[in-house]
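S.K.: What follows is each chain in one-letter form.
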Amino acid sequence: MIHIENNIYSTKRLPVTIIRNTPFSLSVISFFLLLTLNVTQAMAKPRYNRTVEEYKIPDITLINQDGERVPLVKYLDTEQPVILEFIFATCTTICPILSIGYTNLQDQLGAEAANLRLVSISIDPEYDTPEVMKAYLQRYNAQPGWDFLTGSIGDINVAMRAFDAFVPDKMGHRPLIFLRSPKEKTWVRIDGLMSGKELKNEYLQLKK
Amino acid sequence: MLLGATIVQVPHRGEENKGGTAIKNTVPGWKLVRRPVSYRKKYLYSLLPWSFVVLFFLSLREKSGAVYFLETESLQQEIRRIVQENRGITVAGGWSACNGWLTSLFLIVLLSFAGVCQGKEVVQDKEEVSGEELIALGRQIYRQGILADGEPVEAYVMGDVKVLGTQFTCLNCHGRSGLGGAEGKTYTLAVNPAALFSPRESVYLQRSAYDEGTLEVAIRQGETPEGTALSTAMPVYHLADREMAALIAYLKTLSNEFSPGLTEEELHIATVISDQVDPMAEHAMLAVMEGYFKDKNARTRNERKRVDHGPFYQHYRLKAYRQWVLHVWELHGPPETWTAQLEEYYNQQPVFAMVAGLVQGAWEPIHAFCEKNEIPNVLPNTDWPGGIGTDDFYTLYFSEGLHLESRVIAADLVALQRSGRVLQVYRPGEKGAFGASSFRETVARIEGMAVSDWALERGARLNRAELLNWVKEAKAETVILWLSAEELAGVSLAGTEQMIAGPVYLSSSMLGGVLTPVPLIEGKRVKLVHPFVLPKNQEAVFGRVRVWLESRNIPLNDHRILGQTYYACMMLGEGLMHIRRHFYRDYLMDALDHSNAKAIYSVNYPRLSYGPGQRYLAKGAFIIEETAPEMKKSPASATWIVPYL
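Which chain is which? The protein sequence lines are P and Z, in order.
This note's numbering applies: residue 2 is where the first sequence begins, and numbers increase by one.
This note's numbering applies: residue 5 is where the second sequence begins, and numbers increase by one.
The following block holds chain Z by itself, in its conformation from the complex (with noise of 0.2 Å):
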């Protein structure tokens, strides 16, 4: 007997489908699947009511007893899919055979003979979901374009491309935060709830508001509930009802609420700092930062008020402002305890993002506490940043830090083909060591070249001596030496060219990220490692910030700090005037993304670039050759480096 079958009808939108609603209410347990096509589409299956009498003939060959509708690729494998979910009879009705009532039972009488006849198991309808559970898939299919069986998302871009959700997905354009943004001159419209159930009527867009029967439309079919199309660069998605519903009611969370850390009037903001960080360099960053806060406050005091004093155009607008109010969250003890110091600060007061920062060791557990908690962090001071090699998306670094600093140093040894040994000297548990290990990883895959370390005693300086000793017992033609200007002070290189056969790297990061003049450094040997702008610019690139500086009677002593604490700041504001008042934290990481206009600006770093999911600005440095005291004003010979490894 049959006992149950799905019913794929093509109907028009917001028509009654009699021919469908009546077999669903016939033959209890039938599901009815509504697909709404395109009016040209539609128009060609009413030509063919007949042909379904054909098409029943062919379903009994195939396995699962369906009755296809052959038109379209698309909608073939539409039904197809269908047809696999279900496993019962499947009726794929032109949009006329399901509209009349003699049709439809015609349909029944056919239904019911294939029943008989194939005697077909029948699954029952999927057991219902949690809310939850449905909001998981949803995002699944918004972000990774996956749905519940695994299978990639299925749908057709500019009308006849077929894309997968391996390839890209809602949130590639959309962005995280669905508030979606602009290139060149196309453009992502948003899909917030508070953008879809809400009509537009700005210049641009005009429309109703959505609700979930024509969002299902706009998603399926690429129309607006006024029935005009969407732009063909919105693919049309084929998903079947229980993933729709994933979808919508993910859509639904989406920047839903304003995050925390904000209220009326102030916008919360944190930044990090530990103990045991040089002072002068902690005196400098909060210098910079309170600055900014200031003077950013100051210039927009009265900007709320003018909502209240005038007939300005889009007034809304100006509700946007808000003070901004800096927390500095310091940090005690081992950095093991670090994380639950954090929480306990964040607990206390919740902040909408945080900036700049400057920790002894290694970021990481900031890195994970905003991952965690969803905080934006953006540009934190630090060559030890963490969550290198992952997705992870709320922490925007200039660099990889050391670890960049490292695939150049062996980019550049590859490029001279200088295979063999490579000793490594750093202080354990210093960002050196990190530079360390992040070598010895990323030469473990180029052949025929072998790393030795030697770590250095705490408080102890190198010395020459034992430094050659270490390349001898090493056998090693090339030496990286991951230290500060302080424990390389006092040596000099000077005639080792026989014991030392390859060059010596030093990493400009660990000398402060200025160029101050080490003895050590002398002759065509040394390399330095050099993310940083050419010292011979130097100057004339610090002008961007100096007067700024100057006229808050900040000292100029760290450069470095100084010029990176100011640009943190500045992409702070950046991106939170590109938001407006949409006060959500993805957007404002999805805003950031796309502000590589501003990458010039920097102070310090030549060649900073910004796109979407990159949170690794930098992503090469100089080769710096002829280190001599002169070099500060025209070094012989800088090579830009971006690894290819």
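Isolated chain P, as found in the complex (with noise of 0.2 Å):
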């Protein structure tokens, strides 16, 4: 660990040394180059807390944000990745970061995103009324595959209990992602904000 933050260190003054004596010979840039190489890596070591767990759908039906019931098992019975975060509309701080997560992903994987069922489910249920969902939904430029769930309290509990993400106030929220494989029936679970890309590579770790 003390090894690469010195690596850290020496590439934060590198531009400098190399730029100040510009007859530089390549061989050093590709060395120091190298050192960089090595950042990257340990800059990449994921920020969140990852485990693989297994949970029982619910038996509950929600209503989505064009007001249609949902029934959850049914809709998680599907041949297709599922990504399932826990959201609501007026939250500030964790959801717009996990929101705006899908919809970079959504762009990043174009046509592809439409065989991937993006789940965002609320936590305060009767605030997100299908109403205030679409309107989310469209203020995050969401593509079809991403749907918006709300339903009453009782069941919205039970939905958070069944993924231990059971919170008894919305503001205590943690920023918790699901993933799915379509082959597998555990569930990854990532505790922690992620990047675009690591949120990427999780998806893309799940058709392997």
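Be aware that a few hints might be false.
Calculated cross-link-like contacts (lysine-lysine; reagent style DSSO-like; alpha-carbon spacing at most 27 Å) [to be verified]:
#, chain 1, residue 1, chain 2, residue 2
1, P, Lys201, Z, Lys189
2, P, Lys184, P, Lys201
3, P, Lys198, Z, Lys189
4, Z, Lys166, P, Lys208
5, P, Lys184, P, Lys75
6, Z, Lys540, P, Lys198
7, P, Lys198, P, Lys208
8, P, Lys201, Z, Lys376
9, P, Lys57, P, Lys209
10, P, Lys198, P, Lys75
11, Z, Lys166, P, Lys135
12, Z, Lys323, Z, Lys298
13, Z, Lys323, Z, Lys256
14, Z, Lys256, Z, Lys376
15, P, Lys184, P, Lys198
16, Z, Lys476, Z, Lys540
17, P, Lys208, P, Lys75
18, P, Lys184, P, Lys208
Okay, the calculated bits of chain P under chain Z, using three or more residues with CB under 8 Å as the criterion [unchecked claim]:
#, stretch
19, 89-96
20, 123-130
21, 172-180
22, 185-196
For the record, the hints were derived by calculation from the structure and aren't laboratory data.
The model shown is predicted, which means the values in this text are computed figures rather than measured ones.
All C-beta atoms, glycine included, are put in the ideal place defined by N, C-alpha and C.
Hints in hand, dock the two standalone chains.
M.R.: Here it is as structure tokens:
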């Protein structure tokens, strides 16, 4: 660990050194380039907790942004990879970042995004009515394949508990992301905010 | 001839940009745009000082005559924007390119050549804008995420995820006050001048004070003055210099001075009472408020003295204590004159916030007054709130009142698949009329539903024969009675099943919020819209305040007003406790937005829920059927409805 940090330190100083002494040899440059790669690897170390869990999907019916009833078990019994998050429309700090992560992933995947099921479940169900959820999805430029679900408080609590994500107060909510590949029945549980690349990598691992 | 150009360079923070400055000084009218980037990116640029020769030729194909540094996508877009803004000759040089004299000279030659070749018209720097305009632009960037030209602000969060200002803005996380907040374990730091421009030495946060330069770096690059990285949850913003100046100018005004209504010793708080309110309700409200204020002041009377008498840890916190002073603003005469009266009161004694309140009629005049003067108004006692459908900020309501109830009725009718004619009975000019107009508005969007209104004359009571006559005339299958217990007294609907095919709705708020046996409420077809705690639980829930009230000799008469007012005072205290010594009104509202944990202490409403920007706490209501007198113990059927309409 200390070794890696030393490397970061030396690259910080790097440009100054090279440029002030212009006729530096290419070999030195490539040497430092190697150091940078090292740093890149160190930085790629995930900032989040990743575990693999088994969850039983509860037999509840939620409501999507179009006001349609969505039986959760049937909805998640799909051949598509699934990514699921708990958010709410007026949330500060965490949900905007989770949601923009969805937007970004759909952008990155392009046409392939249609084969991926992105699910946002509201933890403020009485405020997040279909009307509010629809506006929220539009704001985040959501493409087909991304659904925002609400329901009765009882059902939402059941859903949160099923994913071991229950919080009594929505303001105490954690940045959790759940991913499931079509073949597996297990879920990858991620606790922590991710970069676009990290989320995409997790998604690509699902497909392997 | 080449008249001017923009140089985009990628300098090291704090380094002299000799090359860029040299070019700028050589050719008058040239503008220098500094664009700090991360260490890693800069390292890449420094490897390619020769590449701008290639890029120059690329630029000849560009209409703007720009030389691009085709590096990361974000930088490319940034440069593209700068080019569009300046419409001159733009050169994006590498970090090394702009730092050496020789390369700069080479750039000048290339630029001149480009100028001659393309003869671009150069727009001079935009006119200097006044300070106020700059602040207004900064506010727009902070709150709406929109730039001067109407385009959304562009930023990158978590390192590589693009965010537009239309998706979320500074305000989303830092709050209207800029004092920040927390969600779970994710913290948003304060960005008001007191926080930014002074060093932080807490256990959680250590950094030196920002100045304008380092603040720019923090916003553009995500680095503290020490060069350590900010959380990647804080986006990195791509702002042009003028926009950055605007944002910083706005931040300098954001929660910079304590709000009015405050002295070293006292915190002034007002409540409003109008003519013609129920004397019992008025007495109940004032008794609770006086009792609450007296209690609070008694408990904290010595806190400030502790500052001088002992080595208390963080003694500055004790300086936040103030004596609360209650001002009762009595409004007389017609509502049109209330605004002037409120202004008069406010000029005589500015208050920091308003709490509870009770008026006959709509709350709108007080709502508008608070909005205009930016005064928080915590939980007024009203069924006729203002600001519905707006983004107004300063008044926090228990619910949308009769507007909510009308939407619940409409949702219930849709669920029953009962369209057709609805007859509404109400008394004009009173809150029932507000319920009726809200219902009409709501069902206007529902196909096949038509509404007939019947206005009850002043002083008249409902009469069974007349009602049935109106139903017949209107061919109504559903009836909504926006009437009080008094107006309904003595009317029975027994044996009217043939005449009224659908349900008959009553409003619990109209009946005073507490179920009093009304003879009319018999038979299963009568449905009561009830946004309050179910009757069987009311005794138990009222227990939360009963002992407090009894020990202060406050008569337990109007449970609704007593409970609501107590809760309003409690929430004011909760909010003030959270803002500590940061006496900014916007922060009080931001703090209340995060008070969801206190929702369960409500005495009257089964489900309140707070959230950023949410101004109506109760979002649904029960529909109670089987409203026979014994339902006080346990109604056979009570369904909670959140209207999705």
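S.K.: Can you confirm whether the C-alpha distance between Lys201 of chain P and Lys189 of chain Z stays at or below 27 Å?
M.R.: holds (24 Å)
S.K.: Holds or violated: are the alpha carbons of Lys208 of chain P and Lys75 of chain P at most 27 Å from each other?
M.R.: holds (21 Å)
S.K.: According to a criterion of three or more residues whose C-beta lies within less than 8 Å of a C-beta of chain Z, is the stretch 123-130 of chain P covered?
M.R.: holds (count 5)
S.K.: Do three or more residues from the stretch 185-196 of chain P put their C-beta atoms closer than 8 Å to C-beta atoms of chain Z?
M.R.: This one holds; 3 residues, not fewer than the three required, reach chain Z with a Cβ under 8 Å.
S.K.: Under the criterion that the straight-line Cα-Cα distance not exceed 27 Å, is the pair Lys184 of chain P, Lys208 of chain P satisfied?
M.R.: holds (9 Å)
S.K.: When you check the alpha-carbon spacing of Lys166 of chain Z and Lys208 of chain P, does it fall within 27 Å?
M.R.: Distance ~25 Å between Lys166 of chain Z and Lys208 of chain P Cα, so the pair holds.
S.K.: Would the pair Lys198 of chain P and Lys189 of chain Z pass a check requiring their Cα atoms to be no farther apart than 27 Å?
M.R.: holds (23 Å)
S.K.: Regarding the pair Lys184 of chain P and Lys75 of chain P, is the alpha-carbon distance no greater than 27 Å?
M.R.: It holds: about 16 Å lies between the C-alpha atoms, which stays within 27 Å.
S.K.: Quick one, are Lys256 of chain Z and Lys376 of chain Z close enough, alpha carbons at most 27 Å?
M.R.: holds (22 Å)
S.K.: Lys198 of chain P and Lys208 of chain P were given as a pair; does the straight-line alpha-carbon distance stay at or below 27 Å?
M.R.: holds (15 Å)
S.K.: Are the Cα atoms of Lys201 of chain P and Lys376 of chain Z separated by 27 Å or less?
M.R.: Roughly 47 Å separates the two Cα atoms, so the pair is violated.
S.K.: Between Lys184 of chain P and Lys201 of chain P, is the straight-line Cα distance small enough, at 27 Å or below?
M.R.: holds (18 Å)
In summary, the structure is inconsistent with hints 6, 8, 10 and 16 from the numbered list given earlier, while agreeing with the others.
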